[in-house]
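*Asks:* Turn these sequences into a full structure, and let the hints steer you where they fit.
Chains as they are written, first to last, in my numbering: chain Z, 1 to 150; chain G, 1001 to 1569; chain F, 2001 to 2204.
Warning: the hint list may mix true and false statements.
[To be verified] Calculated lysine-lysine pairs in the DSSO-like style (CA-CA distance at most 30 Å, straight line): (1) F:Lys2040 / Z:Lys12; (2) Z:Lys136 / G:Lys1501; (3) F:Lys2109 / F:Lys2088; (4) G:Lys1490 / F:Lys2082; (5) F:Lys2164 / G:Lys1324; (6) G:Lys1494 / G:Lys1549; (7) G:Lys1497 / F:Lys2120; (8) Z:Lys12 / Z:Lys100; (9) G:Lys1336 / Z:Lys45; (10) G:Lys1324 / Z:Lys41; (11) F:Lys2040 / F:Lys2109; (12) G:Lys1490 / G:Lys1501; (13) F:Lys2141 / F:Lys2115; (14) Z:Lys136 / Z:Lys100; (15) G:Lys1501 / Z:Lys61.
Quick caveat, the hints were computed from the structure, so don't treat them as lab data.
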Amino acid sequence: MDNDSIDQIINKHQGKASSLIQVLMEIQDKNHWLPREVLEKVSEKLEVPFSRVLRIATFYKTFRLIPKGRHEIHICTGSACHVRGAQRVLDTVQDLTGIKPGETDLDLKFSLETVNCLGCCTLGPVMEIDGKTLGKITPAEIADELKKYD
Amino acid sequence: MARINSAAELEELRKDILSKRDPDQPWIAVCAGAGCLCLGNDRVISAFEEEIRKQSLEAKVGLRATGCHGFCEKGPIVVIYPEETCYLEVTPEDVPEIIAQTVIEKKVIDRLVYTDPNSGEKATHLSEIPFYRHQTRFLIGNNPKINPKSIDDYLAIGGYSALAKALFEMSPEQVLAEIKKADLRGRGGGGFPAGLKWETARKAPGEEKYVIVNAHEGEPGAFMDRALFTGNPHSVLEGLIIGAYAIGSHQGFIYTRHDTPQLRENIDIALAQAKEYGLLGENILGSGFNFNVEVHLDIGIFVSGESSALMRSIEGKAPEPRPKYIRTSVSGIWEKPSNLNNVETWANVPQIINKGSAWYGSIGTERSKGTKLISLSGKICNTGVVEVPMGTPLREIVYGIGGGIPNGKKLKAVHFGGPMGGSLPESLIDTPLDFDALAKLGAPMGAGAMLVMDEDTCMVDIARYFLDFLTGESCGKCVPCREGIRQMLKIITKITKGKGKEGDIELLEELAGAAREAALCALGRSAPNPFLSTLKYFRDEYEAHIKEKRCPALSCKELSASEGAKKNG
Amino acid sequence: MGEIIIQIDGREVAAREGMTILEAAQSAGIAIPTLCHHEKLEPYGACRICTVEIENRGRTRLVAACLYSVEKDLVVRTRSEKVDKIRKMILELLLAHAPDARELQGLAKEYGADKDRFEKESSFCILCGLCVRYCAEVKKKNAVGFVDRGTRREISFIPEIASKECWNCKECFPLCPTEALQAAYVFTEALISSSPSFELESEE
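*Replies:* As structure tokens, this is what we get:
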């Protein structure tokens, strides 16, 4: 991510230290992850100690300090999906991709995240790939779904 | 849009909007809530747009993409007004027929209406469907009637009349007194009386005061606040402005999630529209009262919903609960008095001001007034957003509205309040929905996520699930919570794997006790609740896991395998 | 500031308004154990070992002495069955991480805490945050900070800052109730010296 786009985001928030979370979020929206140099830059520009930037960036599970894969898998582990078998869905995805929640595979193909509630509990268990919702998914269907992505 | 400068001008504008609307003109409301969106309603909406264009009906038929209607189970949902004909599980292929038959010919398409799974009886109108019939939808009921992106739609159903009444006919003290008399209790979890909180903030020293909408909704399985706020953002905003007036605040914050772009968009539009009309900003409606609102997005982990943690996040700091023994209504954001209420609490305010505390007090129980939004989910036929009067027996919610348990299974328990709540067994299903009754039984209502469980759900696993959730969703600052959760999870996980041993239950109880008594914030003190309530009502399940290495629900993988082997052998 | 008379363990103690229970007790020579408290730092309230029982307006409850301000007619019990039970549990939980920490061992003896109650998970650090807060509040260097959340929370030196600031300071070392801090620093130091992008001041 180039310096200009970072500056733009920071300027939009008038360089206010209290906008730290928003700034990081907007940078991640654009860049998909937060490289360390970017965090350093934010620390310098907002005049927030680097340790605090790192603290915030690691506190929230949405912030990613490693690159994202080409495809993002979200598995809802909210309570409704849990009682409908989300754990087995998650186990299957982990087995098939070899990554755990919060990780990206070495080919940068998939990133895996768990989410708490997508608000469509009626479809539980729910899995989302690149924003596409797969409702009432069974572990048996997952391998075929993942094959659709490269 | 022109600025409105007085209460009279507001009423003129309202008249003007209504005069341009023909009550007999057909219009179509397509639910665009999160559930229907997942079910592909965007294609249904496009199909309607296309069909209306094809038949050149733009001037004769209205189309609205609305907020959540509640009946997520049967989405995508389409309601055709003025008859209120309700179609369920609509596909894009149904659309031309709906336009031709129902919108133009006024005929009902039988296969799209609700059919009772037991009696086979049909219900054509929204209000006749059992899911809706057993509800009292003061808050969420407006969702199908308005386009959340249109302030005119909100004005057309009487919006902002409560604000005008508060600003021009009541003093801030009178507004406060009305809320106190109504005994409106906070919907976010604690059930603390909103009026008392407002009064504390009002009386707290200092000129600068803040009011905040907590739209964090971090409880897993809770989606009712998003449904209400996305579908009717102005109702929450109106409540917030009235609250600010009563408290003497000129700056508000809306704290919400970044992962719901639809919600963010609707909030932003609502704020911009309210500002243009002069309902927000300087000299609101010409009353001399100034009030501004800033939106603060959060990426949300569960602890950020705790009031002092949330305020730290607004300051741009890590959302750790503040350790001090002082209320946020006295010292909150930047140590200024800060009054925080959740979405549903604020949305209750306009109707209390409009209809009065006596009306509000007539709904509900002795100490729990009004209606309550519930996210009904889990092993239930009708998942969805439900609104019922306080005091409604849980049985009515599960069977009358929820349609009971699917696949012929038996109800085992209901869980309220997520990771800070508790489970109630089937035998207590006649308990009324009431803050105090539920808390007394060890299952505090929380924000209103109601998880239904059947005989296949293992209660030990449910306790494990919520503890596991908290390992990554608590802040990890204080020892009794962080280390208590860590050890409790370890022990319960072992139990679910058949490695439990004598004394585990007692050790868990001891850990729970320490967290309850000594943790820093409410989250930590309530973290043991799911364990304590499942132990209280389902101790036999814990014992079966530990002593007999058996999972009675056949849900725990490691244990059900051996059980299956026994069965086969 | 007005003077307030409170009762601690049956003794009348004169305290200044705004004082915490801990400060009032210390001024009267009454000991309350602490792990995350430091007089130069803002009260933190994380370890909860200073939990005491208070009675006020007819209500009895447990509060953290390092945070709770004295108030009129306050009755404090620094030891009770409940208090001791909580302290014992806190110590046992922490001993699972740092079984050899001398400060914990001393307290464990007093409260009868069993260091083997919980399975060992030797992270050594008990996350009292003394180093983090001292570096931020007193030294204003922010060379060490917390990362992550929940049960995954850790302390971490920032190599870029540590390489410039820590070598000549190390004032946080004696504050650490365990040996974890020094270990974390040594680790960071190794990182710095093995990485070409950082240079230790001492090597210049």
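*Asks:* Determine for every hint whether it applies to the structure shown.
*Replies:* Cross-check of the supplied hints:
1. With a CA separation close to 38 Å, the supplied pair lysine 2040 (chain F) and lysine 12 (chain Z) exceeds the 30 Å bound.
2. About 36 Å separates the Cα atoms of lysine 136 (chain Z) and lysine 1501 (chain G), which puts this hinted pair outside 30 Å; it is violated.
3. Between the alpha carbons of lysine 2109 (chain F) and lysine 2088 (chain F) the distance comes to roughly 10 Å, so the proposed pair stays at or under 30 Å and holds.
4. Restraint check for lysine 1490 (chain G) and lysine 2082 (chain F): the C-alpha separation of about 25 Å stays at or below 30 Å, so the hint holds.
5. With a CA separation close to 35 Å, the supplied pair lysine 2164 (chain F) and lysine 1324 (chain G) exceeds the 30 Å bound.
6. For the proposed pair lysine 1494 (chain G) and lysine 1549 (chain G), the alpha carbon gap of about 11 Å is at most 30 Å, so the pair holds.
7. About 20 Å separates the Cα atoms of lysine 1497 (chain G) and lysine 2120 (chain F), which keeps this hinted pair within 30 Å; it holds.
8. For the suggested pair lysine 12 (chain Z) and lysine 100 (chain Z), the alpha carbons sit about 35 Å apart, so the restraint of at most 30 Å is broken.
9. Distance restraint check for lysine 1336 (chain G) and lysine 45 (chain Z): the Cα-Cα separation of roughly 27 Å lies within the 30 Å cut-off, and the hinted pair is therefore satisfied.
10. As the CA atoms of lysine 1324 (chain G) and lysine 41 (chain Z) are separated by approximately 33 Å, the hinted pair breaks the 30 Å bound.
11. Using a Cα cut-off of 30 Å, the hinted pair lysine 2040 (chain F) and lysine 2109 (chain F) holds, with the two alpha carbons roughly 28 Å apart.
12. Restraint check for lysine 1490 (chain G) and lysine 1501 (chain G): the C-alpha separation of about 13 Å stays at or below 30 Å, so the hint holds.
13. Of the supplied pair hints, the one linking lysine 2141 (chain F) and lysine 2115 (chain F) is violated, its CA atoms being roughly 35 Å apart against a limit of 30 Å.
14. Straight-line distance between C-alpha atoms of lysine 136 (chain Z) and lysine 100 (chain Z) comes to about 21 Å, which keeps the hinted pair within the 30 Å bound.
15. A C-alpha spacing of about 34 Å is found between lysine 1501 (chain G) and lysine 61 (chain Z), which places the hinted pair above 30 Å, so the restraint is violated.
Going down the numbered hints, you'll see the structure goes against 1, 2, 5, 8, 10, 13, 15, while the others check out.
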